[in-house]
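Protein chains in written order, with the numbering used here: chain A, 1 to 113; chain B, 114 to 227.
Rather than coming from a laboratory, the hints here were simulated on the basis of the structure. Check each hint, because a few of them may be wrong.
[What the hints assert, rightly or not] Computed footprint of chain B on chain A; a stretch qualifies when at least three of its residues, placed anywhere within it, have a C-beta under 8 angstroms from a C-beta of chain B:
no.: 1; segment: 29 to 35
no.: 2; segment: 80 to 87
no.: 3; segment: 104 to 113
Idealized CB from N, CA, C, for every residue including glycine.
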Amino acid sequence: DVKVTQSSRYLVKRTGEKVFLECVQDMDHENMFWYRQDPGLGLRLIYFSYDVKMKEKGDIPEGYSVSREKKERFSLILESASTNQTSMYLCASSPYGLFTEAFFGQGTRLTVV
Amino acid sequence: AQSVTQPDIHITVSEGASLELRCNYSYGATPYLFWYVQSPGQGLQLLLKYFSGDTLVQGIKGFEAEFKRSQSSFNLRKPSVHWSDAAEYFCAVGVNNQGGKLIFGQGTELSVKP
Numbered sequence: 001d002v003k004v005t006q007s008s009r010y011l012v013k014r015t016g017e018k019v020f021l022e023c024v025q026d027m028d029h030e031n032m033f034w035y036r037q038d039p040g041l042g043l044r045l046i047y048f049s050y051d052v053k054m055k056e057k058g059d060i061p062e063g064y065s066v067s068r069e070k071k072e073r074f075s076l077i078l079e080s081a082s083t084n085q086t087s088m089y090l091c092a093s094s095p096y097g098l099f100t101e102a103f104f105g106q107g108t109r110l111t112v113v
Numbered sequence: 114a115q116s117v118t119q120p121d122i123h124i125t126v127s128e129g130a131s132l133e134l135r136c137n138y139s140y141g142a143t144p145y146l147f148w149y150v151q152s153p154g155q156g157l158q159l160l161l162k163y164f165s166g167d168t169l170v171q172g173i174k175g176f177e178a179e180f181k182r183s184q185s186s187f188n189l190r191k192p193s194v195h196w197s198d199a200a201e202y203f204c205a206v207g208v209n210n211q212g213g214k215l216i217f218g219q220g221t222e223l224s225v226k227p
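With the hints as constraints, model all of the structure from the sequences given.
Structure below.
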């Protein structure tokens, strides 16, 4: 069974903290994605990676960075968390170059207080 | 720029009634189109996808969607809705950029009345 696993379902952090959201996939996919989901705004792409150490900004990269040192792992980093980053974060993976199915993790609901 | 619009934020239908969820896209090339469903507390699951060929595509759970190039639309339909279909539905377009990425619409939340 294919799997995208996000390290936490719920997370509460303080303003100004550095926050790491981890995502691991077991399907040997080249592409990995981080989306942010907010009511009425749908899923907005933060960053995606199409290969190890390769990354590309999505639509809302400000305040975020990413790391992909290994093919199976894609980390989202909030350098200094702010309350407006309170949201649901979804990780996904898909094969490179083919518009086949993207597989999603269960999501991490982050609250910044 | 590529974009996807789902005009309806929330739709309520009665169980057994038919359903149509609207999706419009903006993309210069041939679009790769998807519908995903997100049940409460769950991740997203692919319902169906369109790449080329027959413009009416069948998906899981009895859903289908029709691609209309002239209207830049990819509407999702189901002839008879079940209470378990209550969920949020997302339309997405695949963009051929550095290996492919998905651009999503705002989502449509479906409620089902008994």
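Consistency of the hints with the structure:
Counting residues of the segment 29 to 35 of chain A whose beta-carbon sits less than 8 angstroms from any beta-carbon of chain B gives 4, enough to reach three: the coverage restraint holds. Counting residues of the segment 80 to 87 of chain A whose CB falls under 8 angstroms from any CB of chain B gives 0; the rule of at least 3 is not met. Counting residues of the segment 104 to 113 of chain A whose beta carbon lies closer than 8 angstroms to any beta carbon of chain B gives 4, which reaches the threshold of three, so the coverage claim holds.
The structure does not agree with numbered hint 2 stated previously, though it agrees with all others.
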